[in-house]
Amino acid sequence: MILKRGTIVSRQDILWTCIWVGGLIVLGIWDGLFLNSPAFVMVQTAFRNTVLACTFVLLLSLLFGWASGIALHFLETNNRPLYLLTTFALNVLRSVPQIIGTLIGYVILTFFLGRGILNSQTSQLAWMSLVIALVVFQEVTDLVRERIAHYSKLEFFHAMLSCGIKEHRIINREILWKNSRAHLLNKLVSIFATAIFLQCSIDFIVSVGLSTDVSLSNFPVTLGSLLAKLDSKQDILAIGTILKDITSIRSLFFEHLQGISTACIIVFSLFCLYKISQGLARHYRL
Amino acid sequence: MKTTGYNVRIAVDDRVLVDVRGFQFSHNEITVLFGESGIGKSLISRALYGLLDPDEFDVTVNDEPYEAYLNRPEVRAIRENSFFVFQEPSSHLTPLMTLREQLREGSLAKAPAESAILRELWTQEESREDAAIAADKLLDVFPKPHRPSGGEKQRMFLVMALKKIDMVLALARAGKECLFVFDEPTGSLDNHFRNVFLSLLLRRFKAHPFTVLLITHDYSIISEIAHAHKGLRDKIVFKELKRTTQGLILEGFDGETYTGWLHRQQREPSLRKNNTSPLLSVESRSAMFGRELTITRDQTGENECPLEVYPGKIVSLKAPSGEGKTTFLKMIMGLLEAEQFRMVLCGHAVSHESAGSLWRHDIWGKRMTMVFQHADEALNPASRVKEIFEGLPIQETVTPDMLRKHLGRLFDDELSEEFLNTRVFALSGGQKQRLNLARALVLRTDIVLLDEPFNGLDFESITRVFSMLSELQKEERGFVLVSHNEEIVRALVPEENTYFLRARNPG
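For the record, the sequence lines run as chains A and B.
If you're matching positions, the first sequence starts at 1 in this note's numbering and goes up one per residue.
If you're matching positions, the second sequence starts at 1 in this note's numbering and goes up one per residue.
Same shape as in the complex, but just chain A:
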């Protein structure tokens, strides 16, 4: 079937964004109807906190990635020793596995909490976001550098330079803003998904407790920490009972909603974000 370009069905990215939002709304309505009130509030708070934190990760990554990409470009041509030093520092940061880097950030957070610093939930969320952003922002840096390198070889870059247009303007406006928005958007979608994955994984890992004084109960509730709660784990384990008794499937959607909803939000969101990213790549021929 030949689909006309621009319609929702042919735009996989838009279609999957609608499916994602629609799916979450349906889940919210279902939980509102069948999940007990305290648990429903907790799921809502966890979702809000996760989305907030991941959005913040996304913004910080864009900021750090854009700034470092441009800084490296200018250092490479104007100050070679500083360029090499900065590249070395960034490579050291890059060599730390993302999950380990995030864990280190949580350990530092625990240290702060132990000394009474970062007590508000907002500041804790901001710290978590900053930590995740620090381990993922170099993906944006690489993209920015790749785009600059590609366009620097093209004639229009030289043509604009020879007309006296400032190099930073050509890079920021002409290359990154006008010609790389789709690439950056696609990268940010994948960073958003990475942030959800990292945060959930870390929250699950630290559910055992980070110190005698600090545990998950000190942190703002997120989808990962909610999933790590005993109630949720039992809800997930309940899936196993379907293997023994298929008729128990009904109970999953009415009695084990907290864990099932949390897991569903995480998995469904990651899947939709993957499809959105794939759709963007296809639509913009990235």
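In short, the hints are calculated from the structure, not lab data.
Check the hints yourself; a few may be wrong.
Simulated pairs of lysine-lysine, BS3-like, Cα-Cα distance not exceeding 30 Å [as the list claims (entries may be wrong)]:
(1) B:LYS206 / B:LYS144
(2) A:LYS166 / B:LYS386
(3) B:LYS366 / A:LYS153
(4) B:LYS235 / A:LYS166
(5) B:LYS405 / A:LYS178
(6) B:LYS405 / A:LYS166
(7) A:LYS153 / B:LYS474
(8) B:LYS474 / B:LYS405
(9) A:LYS153 / B:LYS110
(10) B:LYS366 / B:LYS330
(11) A:LYS153 / B:LYS330
(12) B:LYS386 / B:LYS318
(13) B:LYS366 / A:LYS178
(14) B:LYS330 / B:LYS2
(15) A:LYS178 / B:LYS230
(16) B:LYS405 / B:LYS386
(17) B:LYS230 / B:LYS110
(18) B:LYS176 / B:LYS144
(19) B:LYS330 / A:LYS166
(20) A:LYS178 / B:LYS386
(21) A:LYS153 / B:LYS144
(22) A:LYS233 / A:LYS275
(23) B:LYS330 / B:LYS386
Start from chain A and add chain B according to the hints.
Then chain B, alone, in the frame of chain A:
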């Protein structure tokens, strides 16, 4: 004389690429079709020849669907007894077969031998025997991006077309439909080979007329026909595809309009003012990419001299294709790192050792600028027309009125708000080229380097560029011009301001 008119509409999705009513050409005549680059000449000719893919393009010819048009008996006959010479030969030669095999492929296997045509199309200064040997050696080559050269590939395509003409001439005599389309057949050829091709084509046409559609930007073909093929003047029709407010229209083009205009442009030898120092003086010898570049006064390579541009003067730089003219201009512009290079620009010494900041702060857009050869690549395709003028180092803020006034010197009635908001990728090649020129010429630089500034322009645009350059000359600005269009260069630049560039590999 049988004349066929076509209404052609070509679209992709919802975007109309071409919509022309009354596109006419006469049978058994040669129609030379001019028009600015990107206006749709190639697309229309491909559609009429039956080369467009109905799955990719939404095409109607005379308001009937493309499939129906393709199934018409005369269109099927055209595809059997005709030939299409493509604009870009590189992409239409297979790298898996030698040129010899491709010259004898398909229906060409039945055509007469190609040796006589090859000899003529390869003969330049050397003897005809040497030319035949050189061409014969080339036939065993598998085409690659850079070998044979663009000109050789183009000539190879012309050999195929001429072979096919020889083959179908008998059919043409019997009244069969034939159509030979030559899409920019001389774009990569110098004047000598262009003239050889014209002679070969017109000799066959004289023997028995057939239908030819020759698409070109090269208006100097008019002079060549007027000069060397006077007898056929009545059988050759010049037409121009133009964009108007009513859409695309095909108009007759009077060759004398061009020749008369050209005659009026002949410049007086420029008298150098006393005590005037050049705006730009580039030392005669420079080196780049391991090659030595030398500026001379004579084509032979003798009389080495610095390239000097005085206020209000245009100098032309000539060299064979691939010699490094563009590289040389980019070197002057400081866009490529030279191994050895010295110049004096407005009294300031600049060399290959000068700091990059000198170019950024004092030269680019202030003392000197450059118009790049390919407007398609020189402009950001994602920018809107009005955005092209943002960020330039000029005192005044670029207001829409100022922009309209400036662009009005190169454009005419296209300057609506909608046009100013159009993205560059949606413009035709000619519009891009004019925009490319307009951006460089709005700057108040002392020197402007012009690399093929007439590429893709129609006649009217060329005259506009000429008058704009004349005005800027009066403002004492200097120009370095590189253009393959020798006739136009001769009209613009006096002999004494012509320099030659020679490149050689040391040792």
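Hint check:
no.: 1; hint: B:LYS206 / B:LYS144; result: violated (36 Å)
no.: 2; hint: A:LYS166 / B:LYS386; result: holds (18 Å)
no.: 3; hint: B:LYS366 / A:LYS153; result: holds (23 Å)
no.: 4; hint: B:LYS235 / A:LYS166; result: violated (55 Å)
no.: 5; hint: B:LYS405 / A:LYS178; result: holds (26 Å)
no.: 6; hint: B:LYS405 / A:LYS166; result: holds (25 Å)
no.: 7; hint: A:LYS153 / B:LYS474; result: violated (36 Å)
no.: 8; hint: B:LYS474 / B:LYS405; result: holds (19 Å)
no.: 9; hint: A:LYS153 / B:LYS110; result: violated (47 Å)
no.: 10; hint: B:LYS366 / B:LYS330; result: holds (16 Å)
no.: 11; hint: A:LYS153 / B:LYS330; result: holds (13 Å)
no.: 12; hint: B:LYS386 / B:LYS318; result: violated (34 Å)
no.: 13; hint: B:LYS366 / A:LYS178; result: holds (26 Å)
no.: 14; hint: B:LYS330 / B:LYS2; result: violated (51 Å)
no.: 15; hint: A:LYS178 / B:LYS230; result: violated (53 Å)
no.: 16; hint: B:LYS405 / B:LYS386; result: holds (12 Å)
no.: 17; hint: B:LYS230 / B:LYS110; result: violated (33 Å)
no.: 18; hint: B:LYS176 / B:LYS144; result: violated (37 Å)
no.: 19; hint: B:LYS330 / A:LYS166; result: holds (18 Å)
no.: 20; hint: A:LYS178 / B:LYS386; result: holds (14 Å)
no.: 21; hint: A:LYS153 / B:LYS144; result: holds (23 Å)
no.: 22; hint: A:LYS233 / A:LYS275; result: holds (28 Å)
no.: 23; hint: B:LYS330 / B:LYS386; result: holds (26 Å)
Hint check: violations occur at hints 1, 4, 7, 9, 12, 14, 15, 17, 18; the rest are consistent with the structure.
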